[in-house]
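Numbering of the sequence shown is given in our numbering, commencing with residue 1 and proceeding in unit increments.
Errors might be hidden in some of the hints.
Listed next, the in silico DMTMM-like pairs over lysine to aspartate or glutamate satisfying Cα-Cα at most 25 Å (straight line) [stated by the list, open to error]:
(1) Lys192 <-> Glu171
(2) Lys135 <-> Glu181
(3) Lys38 <-> Glu145
(4) Lys78 <-> Glu116
(5) Lys154 <-> Glu180
(6) Lys188 <-> Asp156
(7) Lys67 <-> Glu29
(8) Lys165 <-> Glu41
(9) Lys78 <-> Glu30
(10) Lys165 <-> Glu191
(11) Lys188 <-> Glu30
(12) Lys43 <-> Glu10
(13) Lys186 <-> Asp16
(14) Lys73 <-> Glu41
(15) Lys154 <-> Glu171
(16) Lys192 <-> Glu41
(17) Lys186 <-> Glu52
(18) Lys66 <-> Glu30
(19) Lys188 <-> Asp16
(20) Lys135 <-> Asp100
(21) Lys192 <-> Glu181
(22) Lys186 <-> Glu9
(23) Lys43 <-> Asp61
(24) Lys165 <-> Glu142
It should be emphasised that the hints constitute simulated quantities derived from the structure, not laboratory data.
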Amino acid sequence: MVERLAVWEERGILLDVAVNISPKNLRDEELVPYLAVKLQEMKVDPARLYIEVTENAVVEDFEQAKKTLQRLKGLGVKIALDDFGTGFTSLAVLQQLPVDIVKIDRTFIQGLVRNEKNRAIVHAIVTMAAALGMKVTAEGVETEEVLTILASMKCDHAQGYLLGKPLSELELLNLLGWREEIKEYKRKREEKARGKRELAPLPESL
Numbered sequence: 001m002v003e004r005l006a007v008w009e010e011r012g013i014l015l016d017v018a019v020n021i022s023p024k025n026l027r028d029e030e031l032v033p034y035l036a037v038k039l040q041e042m043k044v045d046p047a048r049l050y051i052e053v054t055e056n057a058v059v060e061d062f063e064q065a066k067k068t069l070q071r072l073k074g075l076g077v078k079i080a081l082d083d084f085g086t087g088f089t090s091l092a093v094l095q096q097l098p099v100d101i102v103k104i105d106r107t108f109i110q111g112l113v114r115n116e117k118n119r120a121i122v123h124a125i126v127t128m129a130a131a132l133g134m135k136v137t138a139e140g141v142e143t144e145e146v147l148t149i150l151a152s153m154k155c156d157h158a159q160g161y162l163l164g165k166p167l168s169e170l171e172l173l174n175l176l177g178w179r180e181e182i183k184e185y186k187r188k189r190e191e192k193a194r195g196k197r198e199l200a201p202l203p204e205s206l
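Using the sequences and the hints, build the whole thing.
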């Protein structure tokens with residue numbers, strides 16, 4: 001993904017990209033050095049790269065997660081805490097993490113209209129995050145009514161089918177009308193496919 005960011009930046013396409021990492025990645029001592037080298041080699045603005053980690057992954061081994069996230073933050077990338085509300089992160093724990101964005105889990109968002117408890121929880125998270133200098137993204141937004149409620153709470157960002165379905169890279173390039181990028185994308189895919197065909201093993205003799 002760092003390579004794609006580099007290509008886009010060269011063409012003046014300034015997009016932020018989020019990459020999910022697993023609990024295993026958080027324990028990998030090679031993750032941060034590898035990413036540091038990639039960012040430097042590709043000359044990518046690290047502030048355009050968001051590293052997303054789930055709340056449960058952080059809770060699984062908090063001290064290790066905190067250490068890794070702090071090292072990642074030191075590279076200049078942004079940190080997003082995904083599926084917030086499904087784990088057991090307290091305010092005291094959250095303020096120890098170098099988090100830029102809190103992403104509220106869709107289970108709280110989808111019941112926002114009829115469930116007063118959900119509304120209270122979401123409002124509390126938005127208020128708490130703002131007090132800690134963090135932005136908030138609501139996941140699973142599928143109706144205008146939910147979007148209006150979130151706007152009234154001053155939620156920073158929304159994500160969901162109402163705003164756009166997940167897209168492949170090619171679909172994104174098509175949507176934005178980037179014809180040259182589409183040609184380059186197809187050319188690289190063809191080269192990759194051709195390379196696989198050339199390296200295919202020969203059939204065994206009968």
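Exercise. Can the restraint linking Lys66 and Glu30 be considered satisfied, given a maximum Cα separation of 25 Å?
Worked result: Between Lys66 and Glu30 the Cα gap is close to 16 Å, so the pair holds against 25 Å.
Exercise. Keeping to a limit of 25 Å between CA atoms, is the pair of Lys186 and Glu52 held or broken?
Worked result: violated (28 Å)
For this session: Mind checking the alpha carbons of Lys192 and Glu171 for me, to see if they're no more than 25 Å apart?
Result: holds (19 Å)
For this session: Quickly compare the C-alpha distance for Lys78 and Glu116 to 25 Å and report which way the hint goes.
Result: violated (32 Å)
Exercise. Is the straight-line distance between the alpha-carbon of Lys192 and that of Glu41 25 Å or less?
Worked result: holds (22 Å)
Exercise. Keeping to a limit of 25 Å between CA atoms, is the pair of Lys43 and Glu10 held or broken?
Worked result: holds (10 Å)
Exercise. Lys43 and Asp61: Cα distance at most 25 Å?
Worked result: violated (32 Å)
Exercise. Lys165 and Glu191: Cα distance at most 25 Å?
Worked result: Violated. Lys165 to Glu191 sits at ~29 Å, over the 25 Å cutoff.
Exercise. Taking only the CA atoms, is the gap from Lys78 to Glu30 under or equal to 25 Å?
Worked result: The hint holds at about 19 Å.
Exercise. Regarding the pair Lys154 and Glu171, is the alpha-carbon distance no greater than 25 Å?
Worked result: Violated: Lys154 and Glu171 sit about 31 Å apart, past 25 Å.
Exercise. Within 25 Å, alpha carbon to alpha carbon, are Lys135 and Asp100?
Worked result: Cα-Cα ~6 Å, so holds.
Exercise. Does Lys186 pair with Asp16 here, judged by a C-alpha cut-off of 25 Å?
Worked result: Holds: Lys186 and Asp16 sit about 22 Å apart, inside 25 Å.
In the structure shown, a violation is registered for the earlier hints numbered 2, 3, 4, 5, 6, 8, 10, 11, 15, 17 and 23, in ascending order.
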